[in-house]
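Engineer: Line by line, the protein sequences are chains S and P. Quick note: the first sequence, position 298, residue 298 per our numbering, numbers continuous. Quick note: the second sequence, position 25, residue 25 per our numbering, numbers continuous.
In case anyone wonders, no lab produced these hints; they're calculated from the structure. Keep in mind it's a predicted model, so treat the numbers as computed, not measured. Check the hints yourself; a few may be wrong.
Quick look at which bits of chain S chain P covers, simulated, 3 or more residues with Cβ under 8 Å [unchecked claim]:
#: 1; region: 140–151
#: 2; region: 186–199
#: 3; region: 214–224
#: 4; region: 227–239
Below 25 Å or equal to it, Euclidean Cα-Cα: the simulated DSS-like pairs (lysine-lysine) are [claimed, not checked]:
#: 5; chain 1: P; residue 1: Lys243; chain 2: S; residue 2: Lys159
#: 6; chain 1: P; residue 1: Lys163; chain 2: S; residue 2: Lys243
#: 7; chain 1: S; residue 1: Lys196; chain 2: P; residue 2: Lys196
Derived coverage of chain P by chain S (criterion: at least 3 residues anywhere in the stretch with Cβ under 8 Å from a Cβ of chain S; other residues may be distant) [unchecked claim]:
#: 8; region: 197–205
#: 9; region: 224–231
Ideal placement from N, C-alpha and C gives every residue a C-beta, glycine not left out.
2 protein chains.
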Amino acid sequence: MKLGVIGTSWISDSFLESAKIVNKFDFVAVASPRMESVEKFQKKYGFKETYTDVSLMAEKSKLDVVYIATPNSFHYEQTKLFLNKKVNVICEKPITLSRSELIDLKETALLNGVFFIEAMRSLHHPNLKKLKEFIVDIKPFRHASFQFMRYSSKYDAYKNGEKPKVFLKEFGGGAVNDLGVYTLTTALYLFGKPLKVTSDSVILDTLVDASTVITLNYGTFLVTCSSSKVSNSYLMNEIQGEKESILLNHVTHLDKIIKVNDEGSCTLLDDRIDHDMQYEIKDFISIIENKDIQMFEEYLTYTLDVLEVIEKTRIK
Amino acid sequence: MKLGVIGTSWISDSFLESAKIVNKFDFVAVASPRMESVEKFQKKYGFKETYTDVSLMAEKSKLDVVYIATPNSFHYEQTKLFLNKKVNVICEKPITLSRSELIDLKETALLNGVFFIEAMRSLHHPNLKKLKEFIVDIKPFRHASFQFMRYSSKYDAYKNGEKPKVFLKEFGGGAVNDLGVYTLTTALYLFGKPLKVTSDSVILDTLVDASTVITLNYGTFLVTCSSSKVSNSYLMNEIQGEKESILLNHVTHLDKIIKVNDEGSCTLLDDRIDHDMQYEIKDFISIIENKDIQMFEEYLTYTLDVLEVIEKTRIK
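Full structure from sequences and hints, please.
Structural biologist: So, in structure tokens, the structure goes:
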């Protein structure tokens, strides 16, 4: 398949290294506003075409799939642009900033006979399925807490009076959009849709959230999803049954899973997978090759549910 | 000082073992509805008088101090009863279930020239003062999470259709009243009063909370206080600066405090103190002996602030 890539940050590097492993793509075109980074990517990965203008790439390049890793606020319009050119799209999280945009993209894709997928790596990670199997043992669930709190190097720039995009509202920045989506995706994959959402945030003067705690209420248990871009959490994530808990070291990497109770602990999984974006790529290729509308819609449902929760946190 | 004790559960044992260390009390009177446990306590600690009726004890016994460890819903009236008999009172947490009751007790105490104190062991623990000194190093605070979640043996009884008092509303039961007060006291001691309180609970059919998450908003950081009586947390508690965190193994025992950052960790304190109720006893004796109204009011303030937060969690 002929692949185009938009965006040349570290995440595009990760994607391309994973894409090499999957070995299904011809690296055809790369786009970024900065010609120097486009040329670096061209040299590194052997792209045939380079663009500093995404519209021009959409117009001229003959692609089967495009990977979009631009600031969050560009995802919707760029995905729509390529879907309308009958190009399948894999777009970084969050693919849209609202449910209505996502529903619009779905209609656009179906109309054009192509597919898209959100590059939510954890949702396609084989260890997430294993986690879901492990936790059956500790039912009934009584509590869970997930935290993805990571001090952003861009926060230093923010404090220096610069305006890094990850801290700007107009670029869809903030802790929930960047990191909270991972905690919510894991929660919704494991437990389904909550009955009620409660949240609070620390808001920066750029009007994005520096940190947010979201509490999901499932009637018989609560799940807290904490995200921050201005501090680090060194705690594990925890899913509590009545007398046993399952701990995971990281809500996205999912490489260490431990069961613990008052008698001690045992490791259920200790399996570091490098280049874990390969799984989202494989799933997406499978959707495209099999025209698998059911799988397409299933993954969309998780994204829709996460957006529904996020939209509820905005209603104050 | 002549000591009376009301209640004969394990916590009264803990108190009396600590009281022996402080060595300021004559063990004069013990009361409990069950004569067999009163006699057991009499034998074990050498109490001179035994009562199955608290009013009778208040009437007949000549006491300087009474320790109250009865179900939560009795605390207010029993404390008031003894204050009005000019007996100083040390009462288990939560000493009252509302701010207005606590304010009433304060007036009653001042009117009668005696004092009372809530037996909030962590607030008097010397390691809490040390913790407050340690955390100055990691300022500015960006987040904290405290959890006291402990599966109650009484929950098995509850599930068997019995009605244990710790799960009954009329006895002031539930997770926040029992365990959440510890997380809140530590939070308010370290950070002061929050600007805003958000919370959600799982409510049992007896109308008490099985578990609750309270998020305290301090403007530039959030603090989550999670409590549960139907599951265990195996996570540490965490106070996050921007690039360093301080972890504590237990919000009440306060016996292990660790500083951690991306380079590694160091232990700031590893100091298990047995009989840690000795510190609340010593502080209370100091208040009584020095007629220290300032110290009396200072400790009351923490209790009032905790009750204010809890009252906000009830407003839905």
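Engineer: Now tell me, hint by hint, if it's right for this structure.
Structural biologist: Hints, verified against the model:
Three residues within the 8 Å Cβ limit are the bar, and the region 140–151 of chain S against chain P gives 6, so the coverage statement holds. Chain P is given as covering the region 186–199 of chain S, and this holds because 3 residues of the stretch bring a CB closer than 8 Å to a CB of that chain, at least three being needed. For the region 214–224 of chain S, the proposed coverage by chain P is satisfied: 7 residues have a C-beta within less than 8 Å of a C-beta in that chain, meeting the threshold of three. Only residues whose beta carbon comes within less than 8 Å of a beta carbon in chain P count, and the region 227–239 of chain S has 9; three or more means the coverage holds.
Only pairs whose Cα atoms come within 25 Å are accepted, and lysine 243(P) paired with lysine 159(S) is accepted, the gap being roughly 14 Å. This hinted pair checks out: lysine 163(P) and lysine 243(S) have alpha carbons roughly 21 Å apart, not beyond 25 Å. At roughly 20 Å between alpha-carbon atoms, lysine 196(S) and lysine 196(P) fall within 25 Å of each other, so this suggested pair holds. For the region 197–205 of chain P, the stated coverage by chain S is satisfied: 5 residues place a CB nearer than 8 Å to a CB of that chain, which reaches the threshold of 3.
By the rule of at least three residues with a Cβ nearer than 8 Å to a Cβ of chain S, the coverage given for the region 224–231 of chain P holds, with 5 such residues.
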